[in-house]
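**Q** For what it's worth, full-length UniProt numbering labels the leading residue of the sequence shown as 1, then goes sequentially.
Derived from the structure by calculation, the hints contain no laboratory data.
Some hints here could point you the wrong way.
So the derived label-pair ranges between C-beta atoms look like this [unchecked claim]:
(1) THR50 - ARG22: 18 to 26 angstroms
(2) PHE97 - ALA61: 25 to 33 angstroms
(3) ALA61 - ALA84: 39 to 47 angstroms
(4) ARG22 - MET1: 30 to 38 angstroms
(5) ALA84 - ILE32: 31 to 39 angstroms
(6) ALA84 - GLY35: 40 to 48 angstroms
(7) GLN79 - ARG22: 19 to 27 angstroms
(8) ALA113 - ALA61: 19 to 27 angstroms
(9) ASP82 - ARG22: 16 to 24 angstroms
No residue lacks a Cβ here, since even glycine has one placed at the ideal position from N, Cα and C.
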Amino acid sequence: MQLSALTLIIPDYDEAIAYYTRTLGFTLIDDIDQGSKRWVRIAPSANAQTGIILAEPSTPAQRSAIGTQGAGRVWLFLQTQDFAADHARMTKAGVTFEEEPRQEVYGTVAVFADKFGNRWDLIEYA
Numbered sequence: 001m002q003l004s005a006l007t008l009i010i011p012d013y014d015e016a017i018a019y020y021t022r023t024l025g026f027t028l029i030d031d032i033d034q035g036s037k038r039w040v041r042i043a044p045s046a047n048a049q050t051g052i053i054l055a056e057p058s059t060p061a062q063r064s065a066i067g068t069q070g071a072g073r074v075w076l077f078l079q080t081q082d083f084a085a086d087h088a089r090m091t092k093a094g095v096t097f098e099e100e101p102r103q104e105v106y107g108t109v110a111v112f113a114d115k116f117g118n119r120w121d122l123i124e125y126a
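With these hints in hand, go ahead and build the complete structure from the sequences.
**A** Written out as structure tokens, the structure reads:
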């Protein structure tokens with residue numbers, strides 16, 4: 001088995017697609033109109049094993065979860081093979097990192113929050 005996707009609650013499909021594809025450089029894999037909702041899947045690259053399903057909230061409880069699904073913790077991990085290049089590209093695209101890159105025993109890492117408040121690690125494993 002493998003994890004194929006996780007759901008990320010966002011306020012608006014088109015706003016989220018634009019942010020994740022233009023700012024973070026993700027690939028839009030699927031955008032299928034299902035009538036009352038859309039099946040929108042993005043991934044860091046077209047051949048990524050795990051994707052993110054973008055979902056607009058359908059209840060007030062879901063709306064309140066936007067940006068807080070990780071309860072304030074880093075809960076999304078974006079792995080890179082070239083930390084310096086991706087960090088520079090993302091910074092130029094408008095991503096604000098919460099800290100300077102740091103070296104840990106497991107690799108190089110820096111935390112950023114996406115446009116919707118979700119906290120991520122950009123990480124290059126050692």
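**Q** Would you mind marking each hint as holding or not holding in the structure?
**A** Do the hints match the structure? See the list:
1. THR50 - ARG22: 18 to 26 angstroms: holds (21 angstroms)
2. PHE97 - ALA61: 25 to 33 angstroms: holds (31 angstroms)
3. ALA61 - ALA84: 39 to 47 angstroms: holds (41 angstroms)
4. ARG22 - MET1: 30 to 38 angstroms: Given a distance of about 33 angstroms, which is inside 30 to 38 angstroms, the answer is holds.
5. ALA84 - ILE32: 31 to 39 angstroms: Given range 31 to 39 angstroms: holds, Cβ gap about 37 angstroms.
6. ALA84 - GLY35: 40 to 48 angstroms: holds (45 angstroms)
7. GLN79 - ARG22: 19 to 27 angstroms: holds (20 angstroms)
8. ALA113 - ALA61: 19 to 27 angstroms: Distance hint for ALA113, ALA61 holds at roughly 22 angstroms.
9. ASP82 - ARG22: 16 to 24 angstroms: The hint (16 to 24 angstroms, Cβ to Cβ) holds, given that ASP82 and ARG22 are roughly 20 angstroms apart.
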